[in-house]
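Build out the structure end to end from the sequences listed, making use of the hints.
Here the protein sequences line up with chains A and B, keeping their order.
Note that the numbering used here has the first sequence beginning at 1, numbered continuously upward.
Note that the numbering used here has the second sequence beginning at 1001, numbered continuously upward.
Please keep in mind that the hints were generated in silico from the structure rather than gathered at the bench.
Every value quoted in this text rests on a predicted model; they were computed, and no experiment measured them.
The beta carbon of each residue, even a glycine, is placed where N, CA and C say it ideally should be.
Be aware that one or more of the hints could be misleading.
[Said to hold, decoys possible] Beyond 10 angstroms from chain B on every Cβ pair, some chain A residues (computed):
#, residue
1, Ala350
2, Ala440
3, Ala478
4, Asp492
[As the list claims (entries may be wrong)] Straight line, CA to CA, 20 angstroms or less: simulated SDA-like cross-link-like pairs of lysine to any residue:
#, chain 1, residue 1, chain 2, residue 2
5, A, Lys201, B, Ser1086
6, B, Lys1049, A, Asn469
7, B, Lys1049, A, Glu438
8, A, Lys55, A, Ala548
9, A, Lys285, B, Val1156
10, B, Lys1049, A, Gly154
11, A, Lys285, B, Leu1157
12, A, Lys225, B, Phe1097
13, B, Lys1049, A, Asn159
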Amino acid sequence: MTHASSRTKALAAGLVTAVTLAAAGCSGATRDTTDGSGTADAATLALTPVTTPAKGALASADWLLEDEPDSLDLDTQGTSAGRVVLTNVCERLYQLQPDMSTKPFLAQKAETPDDKTLVLTLRAGVTFHDGTPMTADDVLWSLQRHADPDMEQGDEFANIAAMRKTGDRRITITFKTPDAMFFKALAGDAGIVWNKEQVEKAGEDFGTPGQPDACTGPYRLSDWKSGNSITIERYDDYWGRKPLTKQVTFRWAADSALVNALTTGAADGAYAESPNTAAALKNKKGVEQHYGPSTASLVLIPTERGGLKDPKVRRALSLALDREGIAASGYGGMVQPWGTPVGSGAWGYAKPVFEAAQKAVAHAPASPSTEDLSTARELVKKSGADPAEPIVIGTDSSQGRSVVANAVRAALQRIGLKGQIKTVPAAQFEQFYSAPQERADIDVLVGDWYISKADPMGFYDNALSDSSNNWVGFKDDAYDAKVRKALATLDDAERAKLTVDIQKTFTDAAVWISVAQVPSVLVLNKDMTGPPASMAYLYYPWAAELGAKKG
Amino acid sequence: MLARISRRLAGLLATLVAASFVIFAAVYAAPGDPAVFLAGGRDKLSPEKLELVRAQYHLDEPLVVQYGRWLGDCLQLDLGRSFKYSDQVADLLAARFPTTLALVAYATVLFVVLGVGAGVLAAVRRGTWIDSAIVGGTTLAASVPSFVSAIALVAVLGVQLGWFPVSGSGTGLAGTVHHLTLPALSLALGALALISRVTRQSMVDAGTADHVEVARASGVRERDIVVRHILRNALGPIVTMCGLVMAGMLAGTVVVETAFGISGIGSLLVGAINTHDFPVAQAVLLVMVTGYMVVTTLVDLAHPLLDPRVKGTAA
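Pasting the structure below:
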């Protein structure tokens, strides 16, 4: 079982856009770095989870997505585009807050009489958009639907012994072993409450254009014109606070079309999924950008083939990597040099502890000092690596990844090793993640990753000896035991301590080599404000906070 | 005439079946594994899960069996469900086809009016500076690829001057025309040179005919000569070329749709190919090929109506 997120292709696809943007003559990342003026300084990119609260009402807002949602049934097809829309329409048992903490939500109260039992008391007075009240039967049915192994969130339920209705507004969940991650999962797609009747009535067509939603959120789905737009409308009988904006219309455009639409005011806002889109929109008139924490990061994932098998070589590569250079020339300064495999958005609790630990990570300088380089060369010498045998770097042709691949080659050169870049088409690139035979002839992948839960422990099980994401064959029984213990530790402070310890083992062994964290970017019309800037926008009703700056 | 039409239809069908197989096989042979996209997130990409997905979508069967299954469903007008969108492929197409059709129709109007007009003007003013200007101008226009002209048009008329919207296809007639003007223009620009050149040459050829000389000698007004005698006789090749160009556009809107953020079948195809959404990619390609063949067949059938001289030879 892994807790890594359902990693969508959106980010990867977004990175591809950079080349097109540069060709379009928009202020692409490349140009920004040469003239210097448009470059965001990675070190000073302040990440704020929220924006100023809105004061005035809006009749409507036009929002851009990078792609049309595949489906509005997040159980069968979970993508970012679908989530950005649906998070305003559907509510979850727990809710991820803009500061990335989680709290019970449609479950008004959550009690844990013992470590293996969770009792949820459901909020009263909540109605679905068809007017019927939300019942415990709906909640239980929804949980069972999510738990189906074929569904996107099926693996989150692997640890569940039983789920039962134990009262009119009460659900009791029992676990095989204590599961700290499950609480976080309930703030994600595994916690969505569907209207059983609506979902069953729609059958196979649920989530496709022309079908109503089956949720309780502040907005209801009013129209999905396939290939054209999706409109959501304020739900008047909403149990909570009424949104300021009456209607939000979503359209989608990629690359330069997205940049142009925001520049000309044809759209009011968007969450930029790629740092390069954000870079192209920087300093445009009438548009403001807000940066928030996200769990996303750029990483190098070594494989068990050849050169990077030895942790000493991996540490050396990490020491010699020019992370600042990558951030500036590959991503227009929109990413920050980083030492851990998850971004700061994962710190949903014990923030100071995680922050200090991230800064203390060894072998991950922003840009290597002479001392770093000599240490790195020493490590390579000790490892006995063959300087003639090239280390093959797998990448696609997107601007960001190409820059990272070249930086890796340069770093290898600096420490006396040889790098060789293998570029594959974008469609094939994604297969590196899935098929061991596809990555049989690369030594390291220029990758990216994010986790859907605001908890670093949602990541570190990727290095368990039996994890399918542990490509390099890292094996450490003590590590495995610590991860299992942390995952079963419900107390946040205690789990944070364990996590920091686990993180140290992970980064010392350089199981993955972290490059940079990728912030979440909200691009907004300068007259509007309100939505969170953090990655919570995927799970929090951000449109309900959207409004005019002036009242 | 009827025999001719039925012969044509039979040929059309045979070509379609052949094309459908080629399309099916080509999409199948594209690099990348659809199961990876069908499986969901990266944490689901275990070999066992991928096997399951392959079995569920019949991806593990031989190509010919899959083709047979697909063809059978197609004949029952069932194009299947999209792998990416859970929606019916037919619904996806129905929602996007009108946009592409409107775009192509608009572009056709533009290149026919402007292209034929320029060609006629060049032919009538042959050898003058107007002729040279038209030939030079259209050649320049044709040498600019549509994605470049699209970007230039957006940058100047959309972003800088703000005269036209920069993305989307608009609603209502006025909205659609407004939204599609720039995309249609960039689509039509490339065709202008071809059409104006064919028109000009065809006019010049028709102008040398004996009956034109006779008409001229008998004092018929020049304007009437051009319209009644020259243009009419020159129309055959012009219409054929316009038809071919238009048919080609049905399959060539991809770049322009992407540049302008228009959800037509072109962008649907690109998305489908990128995500290995076989049912959608196959259906879109089939629609494009069918569209091409139908238009060219119509042009072929219309030819003798325009030019009675063709009838004898073609029959």
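Evaluated hints:
At roughly 24 angstroms, the least C-beta separation between A/Ala350 and chain B is larger than 10 angstroms, which holds for a residue marked as non-interface. With a least CB separation of 14 angstroms from chain B, A/Ala440 remains clear of the 10 angstroms interface cut-off, as annotated. Listed as outside the interface, A/Ala478 is consistent with that label: its C-beta sits roughly 24 angstroms from the nearest C-beta of chain B, beyond the 10 angstroms cut-off. With a cut of 10 angstroms on Cβ distances, A/Asp492 stays outside the contact zone with chain B, its closest approach being about 24 angstroms.
Of the supplied pair hints, the one linking A/Lys201 and B/Ser1086 holds, its CA atoms being roughly 16 angstroms apart against a limit of 20 angstroms. Distance restraint check for B/Lys1049 and A/Asn469: the Cα-Cα separation of roughly 14 angstroms lies within the 20 angstroms cut-off, and the hinted pair is therefore satisfied. Between B/Lys1049 and A/Glu438 the CA atoms are separated by roughly 17 angstroms; this keeps the pair inside 20 angstroms, and the hint holds. Between A/Lys55 and A/Ala548 the alpha-carbon distance is near 6 angstroms, which keeps this suggested pair within the 20 angstroms criterion.
Our distance criterion of 20 angstroms between C-alpha atoms is met by A/Lys285 and B/Val1156, whose separation comes to about 17 angstroms. A hinted pair counts as satisfied when its Cα atoms are at most 20 angstroms apart, and B/Lys1049 with A/Gly154 qualifies at roughly 12 angstroms. For the given pair, A/Lys285 sits about 18 angstroms from B/Leu1157 by alpha-carbon distance, which is consistent with the 20 angstroms threshold. Annotation: proposed proximity of A/Lys225 to B/Phe1097 holds, straight-line Cα distance about 13 angstroms (limit 20 angstroms).
The straight-line distance between the Cα atoms of B/Lys1049 and A/Asn159 is roughly 19 angstroms, inside the 20 angstroms bound, and the hint therefore holds.
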